[in-house]
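Turn these sequences into a full structure, and let the hints steer you where they fit.
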Amino acid sequence: MTVTSDREATRLSTAPEPVAPAPARRQSFLAPWRRAWRQLTSMRTALLLLFLLALASVPGSFLPQRGLNPVAVKQYFAEHSTLAPVLDRVYAFDVFAAPWFAAVYLLLFVSLVGCLSSRLRLHAKALTTAPPAVPRVLSRMPSAERWETDAEAGAVLEQVRTVLRRGRWRVVVRSDGGHEDADALSAEKGYLRESGNLLFHISLVVLLVGIAMGGLLGFQGTVLVKEGDGFANTVLAYDDIKPGRRFDPSRLVPFSFELDDFQATYGDDGKALTFLAQIRYAAGPADGQRPYALRVNHPLVVDGAKTYLLGHGYAPKVLVVDREGNELSQTVACLPQGPTFLSTCTIKVPDAAGEQLAFEGVFTPTTVQDPVNGQVASVYPAPENPALTVLGYRGDLGIDDGRAASVYNLEDRTRLTPIGDGRTPQKLSPGQTWDLPGGGSLTFVETTEWATFQVTQDPGKVVALVAGIGMVVGLCLSLSVRRRRVWLRLSPAGADRPPGRTVVEIAGLARTNSEAFAGEFARLVDRVRSTAPPRTPSEEPA
Amino acid sequence: MSDLALAGLSDSLLFGAVLLYTLAMLGFAGEQASRRSHRVSAAAGERSSARESAAARTRMMAGAGGPALAAPAATPPPPPAQRAPSRAGAIGLALTGIGAVVHVGSVITRGFAAHRVPWGNMYEFSSAVALCAVVIFLVLVAGRRADRALGAFVMVPVVLYLGLAGTVLYTAAGPLVPALDSYWIKIHVFAAVLSSGAFLLSGMVALLYLLRCRHDAQVAAGRTPRFPLSMGSALPAAPALDRVTYGVIAFAFPIWTFAIIAGAIWAEAAWGRYWGWDPKETWSFITWVLYAGYLHARATAGWKGTKAAWIAVAAAGALIVDYYVVNIFVVGFHSYA
Ligand code: HEM
Numbered sequence: 000m001t002v003t004s005d006r007e008a009t010r011l012s013t014a015p016e017p018v019a020p021a022p023a024r025r026q027s028f029l030a031p032w033r034r035a036w037r038q039l040t041s042m043r044t045a046l047l048l049l050f051l052l053a054l055a056s057v058p059g060s061f062l063p064q065r066g067l068n069p070v071a072v073k074q075y076f077a078e079h080s081t082l083a084p085v086l087d088r089v090y091a092f093d094v095f096a097a098p099w100f101a102a103v104y105l106l107l108f109v110s111l112v113g114c115l116s117s118r119l120r121l122h123a124k125a126l127t128t129a130p131p132a133v134p135r136v137l138s139r140m141p142s143a144e145r146w147e148t149d150a151e152a153g154a155v156l157e158q159v160r161t162v163l164r165r166g167r168w169r170v171v172v173r174s175d176g177g178h179e180d181a182d183a184l185s186a187e188k189g190y191l192r193e194s195g196n197l198l199f200h201i202s203l204v205v206l207l208v209g210i211a212m213g214g215l216l217g218f219q220g221t222v223l224v225k226e227g228d229g230f231a232n233t234v235l236a237y238d239d240i241k242p243g244r245r246f247d248p249s250r251l252v253p254f255s256f257e258l259d260d261f262q263a264t265y266g267d268d269g270k271a272l273t274f275l276a277q278i279r280y281a282a283g284p285a286d287g288q289r290p291y292a293l294r295v296n297h298p299l300v301v302d303g304a305k306t307y308l309l310g311h312g313y314a315p316k317v318l319v320v321d322r323e324g325n326e327l328s329q330t331v332a333c334l335p336q337g338p339t340f341l342s343t344c345t346i347k348v349p350d351a352a353g354e355q356l357a358f359e360g361v362f363t364p365t366t367v368q369d370p371v372n373g374q375v376a377s378v379y380p381a382p383e384n385p386a387l388t389v390l391g392y393r394g395d396l397g398i399d400d401g402r403a404a405s406v407y408n409l410e411d412r413t414r415l416t417p418i419g420d421g422r423t424p425q426k427l428s429p430g431q432t433w434d435l436p437g438g439g440s441l442t443f444v445e446t447t448e449w450a451t452f453q454v455t456q457d458p459g460k461v462v463a464l465v466a467g468i469g470m471v472v473g474l475c476l477s478l479s480v481r482r483r484r485v486w487l488r489l490s491p492a493g494a495d496r497p498p499g500r501t502v503v504e505i506a507g508l509a510r511t512n513s514e515a516f517a518g519e520f521a522r523l524v525d526r527v528r529s530t531a532p533p534r535t536p537s538e539e540p541a
Numbered sequence: 000m001s002d003l004a005l006a007g008l009s010d011s012l013l014f015g016a017v018l019l020y021t022l023a024m025l026g027f028a029g030e031q032a033s034r035r036s037h038r039v040s041a042a043a044g045e046r047s048s049a050r051e052s053a054a055a056r057t058r059m060m061a062g063a064g065g066p067a068l069a070a071p072a073a074t075p076p077p078p079p080a081q082r083a084p085s086r087a088g089a090i091g092l093a094l095t096g097i098g099a100v101v102h103v104g105s106v107i108t109r110g111f112a113a114h115r116v117p118w119g120n121m122y123e124f125s126s127a128v129a130l131c132a133v134v135i136f137l138v139l140v141a142g143r144r145a146d147r148a149l150g151a152f153v154m155v156p157v158v159l160y161l162g163l164a165g166t167v168l169y170t171a172a173g174p175l176v177p178a179l180d181s182y183w184i185k186i187h188v189f190a191a192v193l194s195s196g197a198f199l200l201s202g203m204v205a206l207l208y209l210l211r212c213r214h215d216a217q218v219a220a221g222r223t224p225r226f227p228l229s230m231g232s233a234l235p236a237a238p239a240l241d242r243v244t245y246g247v248i249a250f251a252f253p254i255w256t257f258a259i260i261a262g263a264i265w266a267e268a269a270w271g272r273y274w275g276w277d278p279k280e281t282w283s284f285i286t287w288v289l290y291a292g293y294l295h296a297r298a299t300a301g302w303k304g305t306k307a308a309w310i311a312v313a314a315a316g317a318l319i320v321d322y323y324v325v326n327i328f329v330v331g332f333h334s335y336a
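Chains as they are written, first to last, in numbering that gives the first Met the number 0: chain A, 0 to 541; chain B, 0 to 336.
Keep in mind the hints are simulated off the structure, nothing from the lab.
Glycine included, C-beta positions come from ideal geometry on N, C-alpha and C.
Rough simulated footprint, nothing fancy, chain A against chain B, three-plus residues with beta-carbon under 8 Å: (1) 249-259; (2) 263-273; (3) 282-291; (4) 297-305.
Okay, here's the thing in structure tokens:
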């Protein structure tokens, strides 16, 4: 056969060949497109796109990102008022959602799919056809041996074939086209390398599909629940919700739960050791309630909706008595301001008879008070010595006109007047009551806690996981299996040689790890030598 | 033994390991020096061996489908220039082995002192990564896949790493924050430690490959390489260094991939999303993409050899950014240490 068959024989990879420069003659109008496509699906382009992808990710790690930390982005804007808007225009705060980032990875995946289609075809062909013909000049191969023997060619061939078959090589015996009267054999092993490699690359595409499914069909919501309160999974029940672009609210799993108890434990240094939310949940409206211990790393899973413990804080329970003696009890979620859980609290009492009441201040779980200026602080996150320290107001809260109002601060103070001097806050321990000047009272009843939960539904998650497994399996195969070929040719020695003399030529070729192959090849040569003992060319029979 | 005493023992053992590694480094360096002086007297042989390795590379390319040049492989290559027998090298290797055993002791006692896996903060992490690099190096030497002479260079980043770990990053033994308290940490972080150790090693060997290639080029051009290129003469031939780099990366890349996926599973269990482009995740991704680039480069015409080696060095750099720059300077979910 021709030289092309030798090149075919030495090709052990389905990698696309380097793009050849276009010939100068006139071509059909499709030709430039075809050339561009070949260029895009070439190894070199894939490599450059990989570098671009790595490079494009870098700013996303050094600049604050909206998706991750919107507060930090605001702060950046405040600190760099001229630079930030410019950066924002090029999506520097949304790098991973930026069109230019998408362009890089989409191009890479187009390249990948294009490359995969031809590689799949080549590999399918390799799997279904016999190993390639014996190259004409075996001595050119990286591993090659040649000797003469008196053994009978047919028997040697048969024996070698058996040995190779036993070693799970794919073997084909053929009479060799290029050499008259030659017996020959081609064998190949390690197809799993290419299969693994293709599995890996296909899994990459599947991974992208999984990620896209999550982005389109998934959703994420967070909700704050106080001890004793409940939550039912509806869009309106969330404090914050981030639905995917194609998310259908009717797909929300109709579960509900009640938070019975939240517990956190801390080390001596105030670092959190464990968190536990003891809940009772019902999987659907018709289901009974079951208890569940929700911890970090142990989300509640109901039909693909996962509920995670996200954060926690204190919710002092207070009793307000108005001028007419009505008892108005409420539990207020306070917002923690630091690791010792000094938390800001706002208590609004719109239903107080006569004038509305409001209180503002801090909750401190382990309270210390400065003896000089009377300021309170917290020194430990657990409620060892809790106190509620507040200022009070009377008047009109400005929330009766139906506008949405924050429960966490007093937005409109214009029609509120301070109770007392308006400067000296009242510090209350559990059970203590503040008798308000002008009538009524505020009692700090007890300390309870709240927890925030994040609920996610991501139908692409399973797809991504399967892809991840495919990637690892594919890589292990691709990087550990060696693809290799051996050829054996037994041809009659020339007319000048003793009669019955046969020339044995054996050669091998491996992709990667040629050292390991060298050993394997040497052992194979030894086997062949033992069935076809060498004779030196000068050795004439007596 | 009390936890405190155990933690103290762990610290002393680490100190001992650093000492042993440093001595080992000196032993290897001694061997290098004696080889180099041998080589200078055989400069002519050196030049022919550089040409020989160039011929070998041509043959490899032919095997990979390039134009089949007539390079008769039948003649056996001339024996490599005589290696100076050196007791210093053998002592270096023995010290490395003992150092590794002492180092294992340090890691294990640390685990017992803290009642958990000994890779929960940056100090423990760096120590474990360095240990993996040393163990992989020893395995390669034992399997005759790497020359022990590499030890003189491999021990440099190891000692630096441990020195940094024992001083700047040192953290007293203690429990983990709740988000880290999961069995995924054992799996995820172990895979990350193992592959990082390997990547660190491969980065060093890739640098040595680049050094050797420069050295060979100068020798082939008839010049006498000066320091630091002159160190190249004591190194294994360039193709051998290239093979070690590739082999170690091929071993580590699937493990790194697995580490990232295990991390995603853990993040999903702890935070409700499997990927969030947190800075740590981003740099793990960048590192991963660069190593994928390295593996691609080795299969791309025009990118094999030194270009691929530079990618391996850059990827190891990204790994270091991932651990040190991100942990110390960038705030994210992972800033636990
Ligand atoms: C999406 C990004 C990609 C990643 C992360 C990636 C990753 C990898 C990795 C890790 C290997 C190493 C396996 C080995 O050495 O045998 C590999 C090999 C390979 N990749 Fe990719 N790849 C990507 C895209 C592509 C694209 C777009 C192409 C098409 C041009 C491609 C073609 C190949 C080929 C042909 C090989 C085998 C190389 C060989 O024969 O040694 N890959 N890829």
